[in-house]
Amino acid sequence: QKEVEQNSGPLSVPEGAIASLNCTYSDRGSQSFFWYRQYSGKSPELIMFIYSNGDKEDGRFTAQLNKASQYVSLLIRDSQPSDSATYLCAVYNTDKLIFGTGTRLQVFP
Amino acid sequence: DTAVSQTPKYLVTQMGNDKSIKCEQNLGHDTMYWYKQDSKKFLKIMFSYNNKELIINETVPNRFSPKSPDKAHLNLHINSLELGDSAVYFCASSPRTGEGGYTFGSGTRLTVV
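In order, the protein sequences belong to chains A and B.
So in my numbering the end of the first sequence lands on 195, straight run, no missing numbers.
So in my numbering the end of the second sequence lands on 1125, straight run, no missing numbers.
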């Protein structure tokens, strides 16, 4: 079992819709969770982090964490074509960030 | 005023050669990392250094040798390059060990032919 799992996609949503990206992790002791966005040919950039169960909102982005289910998600409201990228879920464990393989999001006009 | 800079951006070399990738950060961070991203886009940690001290060495062949002359620099030297070493190598930094908000460099695309 991979430590951090994501559906590779692509996830295709129309402009203006809500994109929902999901991630599960295997180590129940993990404490902090991150979402990175990576445009094609570019480096990952941090968009959100969450430490506590529940929702955390930042602009059009909402991160959700459920430690009992070992599940993290990222919602993007009012999706724009510029949101088209690969979204990487990452879990901090034992002094390092462990990444999932990413979900490719395509937002079409 | 780039935060984490890597050189070179592209590296094409023949099997068996030795090459180095340099990384510098001007953020004042204590911890630096090397990650490898393969063709399936999977990012895997290779090494981390905290203030010049090796913290993580993740089952990487000993052909790969990191060097941190000071806390702002972390270089990666690769001996006897193999076809399977072809990947994008990212340097990253964080304020200290224990924090997952990394800043990544722009990456070095290594192609071994």
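You may find that some hints are simply not true.
Said to hold, decoys possible - Each computed DSS-like pair below joins lysine-lysine, with the alpha-carbon atoms no more than 27 Å apart:
1) Lys1083(B) x Lys128(A)
2) Lys1021(B) x Lys88(A)
3) Lys142(A) x Lys1083(B)
4) Lys1083(B) x Lys1052(B)
5) Lys1034(B) x Lys128(A)
6) Lys153(A) x Lys1034(B)
Keep in mind that the hints were calculated from the coordinates and are not lab data.
Mind listing which of the numbered hints don't hold for this structure, in increasing order? As far as the earlier hints go, 2, 3, 4 and 6 are violated by this structure, in ascending order.
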